Amino acid sequence: MGLKVLVVDDSAVVRQTLSDILLADRDIDEVVTAQDPYVAAARLRQFVPDVITLDVEMPRMDGLSFLKKIMSQHPIPVVMCSSLTETNSETALRAMEYGAVDIIQKPRMGTKQFLDESKVVICDAVKAAAKASVRRQSRTTTISTEKKLNADVILAKPGGRAMIQTTETIVAVGASTGGTEALRTFVEMLPADFPGVIIVQHMPEHFTTSFAERLNSLSKMTVKEAADGDTVMPGRVLLAPGNRHMLLQRSGARYYVQIKDGPLVSRHRPSVDVLFRSAARYAGKNAVGVIMTGMGDDGAKGMLEMKQAGAATIAQDEKSCVVFGMPKVAIELGGVDQVVPLMKIAQAVASLCY
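Residues in the sequence shown are numbered consecutively from 0, following numbering that gives the first Met the number 0.
These are computed hints drawn from the structure, not numbers from a lab. Treat each hint with caution, since some may be false.
Said to hold, decoys possible - Heads up, simulated DSSO-like pairs for lysine-lysine below, C-alpha to C-alpha not over 27 Å straight-line:
| id | residue 1 | residue 2 |
| --- | --- | --- |
| 1 | K68 | K130 |
| 2 | K118 | K259 |
| 3 | K130 | K118 |
| 4 | K156 | K259 |
| 5 | K219 | K130 |
| 6 | K318 | K68 |
| 7 | K318 | K259 |
| 8 | K3 | K223 |
| 9 | K130 | K284 |
| 10 | K67 | K130 |
| 11 | K130 | K3 |
| 12 | K219 | K118 |
| 13 | K284 | K343 |
| 14 | K130 | K156 |
| 15 | K3 | K67 |
| 16 | K3 | K156 |
| 17 | K284 | K223 |
| 18 | K284 | K156 |
| 19 | K343 | K156 |
| 20 | K259 | K284 |
| 21 | K318 | K67 |
| 22 | K343 | K223 |
Unchecked claim - Computed beta-carbon distance windows for the label pairs:
| id | residue 1 | residue 2 | range |
| --- | --- | --- | --- |
| 23 | T208 | Q72 | 29 to 39 Å |
| 24 | R93 | P58 | 18 to 28 Å |
| 25 | R25 | C352 | 38 to 48 Å |
| 26 | M342 | N215 | 16 to 26 Å |
| 27 | T184 | C352 | 17 to 27 Å |
Remember, it's a predicted structure, so these values are computed and weren't measured experimentally. Ideal Cβ placement from N, Cα and C applies to all residues, glycine included.
Could you put the whole structure together from the sequences, leaning on the hints where they help?
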């Protein structure tokens, strides 16, 4: 049986667009819509979805209030569907803390490439949510077999060892579904003088700005959304901006990040595979790679390349993952040295850095 989805949004255009996108996916069988939470509550009396997509701002009751009711009464995986505004970004991130599984950008009209990429991101987010551990019943879904580009389109595979030796340690982290809360836990545990950390979290553009600010308010380190040319240094965490790839680069002993456009890699932009490949090339054995909760396989090949270049590698364990997809594939490929519970990842990384 395919998945069943309830789409809750006050815009008739968005409801229709989301329905068309979701029903075109072979893993999704049924989509029911509602224009506000009150109508959605009525729908839920007769229709039990596997996933709910929920607008942030709606009349009569906002998405955050409805999310709280869902999670307190009958938990169902929820994906927040938001437009790109600062207020919506803050609300959507707060929704993640209250139990939402993921955030997607509202579909809008644009070029064919934009619409094609939106379809990939929206369907993958819904299918990942269906596998999330917010409910007891699990359902197996598959990633679409559409052509998937690898990191070759952004950066060639590293040939041989990394550049000349340096004493600077770099920590590269990748996460997807469930990653916002996992990263919060990880970053909160890091001391102020911890080696430089570079992170890719699958998230729409502009949301990463708010997410970086939130992490910065909780962390002893300085956390910022990465800008092109930012130096990677102790005491600083750089978060890849949404919808842009982030690569580690090196000039002499100085590490910095490059922010660039490009196609989806492993179905994502930013891509963990791109970040990890660049860490393999420019940091080699001076790097530590961490792959966290998320559906799919982004980062698995890149982590193997990091290990082959001499880096230490860590995967989050299944029990503490919201979705044990990315770490699972990385482990199966042989790219992981240690499998560690979320609450012990910071300690495990620190033991490799000092």
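Now for the hints, and whether the structure bears them out:
1. K68 with K130: 21 Å, holds
2. K118 with K259: Holds, at roughly 22 Å.
3. K130 with K118: 19 Å, holds
4. K156 with K259: 17 Å, holds
5. K219 with K130: 33 Å, violated
6. K318 with K68: 26 Å, holds
7. K318 with K259: 35 Å, violated
8. K3 with K223: 38 Å, violated
9. K130 with K284: 35 Å, violated
10. K67 with K130: At roughly 20 Å apart (the allowed maximum being 27 Å), K130 and K67 satisfy the hint.
11. K130 with K3: Holds. K130 to K3 sits at ~13 Å (cutoff 27 Å).
12. K219 with K118: 38 Å, violated
13. K284 with K343: 22 Å, holds
14. K130 with K156: Violated, at about 32 Å.
15. K3 with K67: 21 Å, holds
16. K3 with K156: The hint is violated at about 40 Å.
17. K284 with K223: 25 Å, holds
18. K284 with K156: OK: K284 and K156 at ~16 Å, within 27 Å.
19. K343 with K156: 31 Å, violated
20. K259 with K284: 25 Å, holds
21. K318 with K67: 24 Å, holds
22. K343 with K223: With Cα atoms ~24 Å apart, K343 and K223 stay inside 27 Å; holds.
23. T208 with Q72: 29 to 39 Å: Given about 33 Å between the Cβ atoms, the range holds.
24. R93 with P58: 18 to 28 Å: 20 Å, holds
25. R25 with C352: 38 to 48 Å: Between R25 and C352, where Cβ atoms are some 45 Å apart, the hint holds.
26. M342 with N215: 16 to 26 Å: Taking Cβ atoms as reference, M342 and N215 lie about 21 Å apart, which means the hint holds.
27. T184 with C352: 17 to 27 Å: 18 Å, holds
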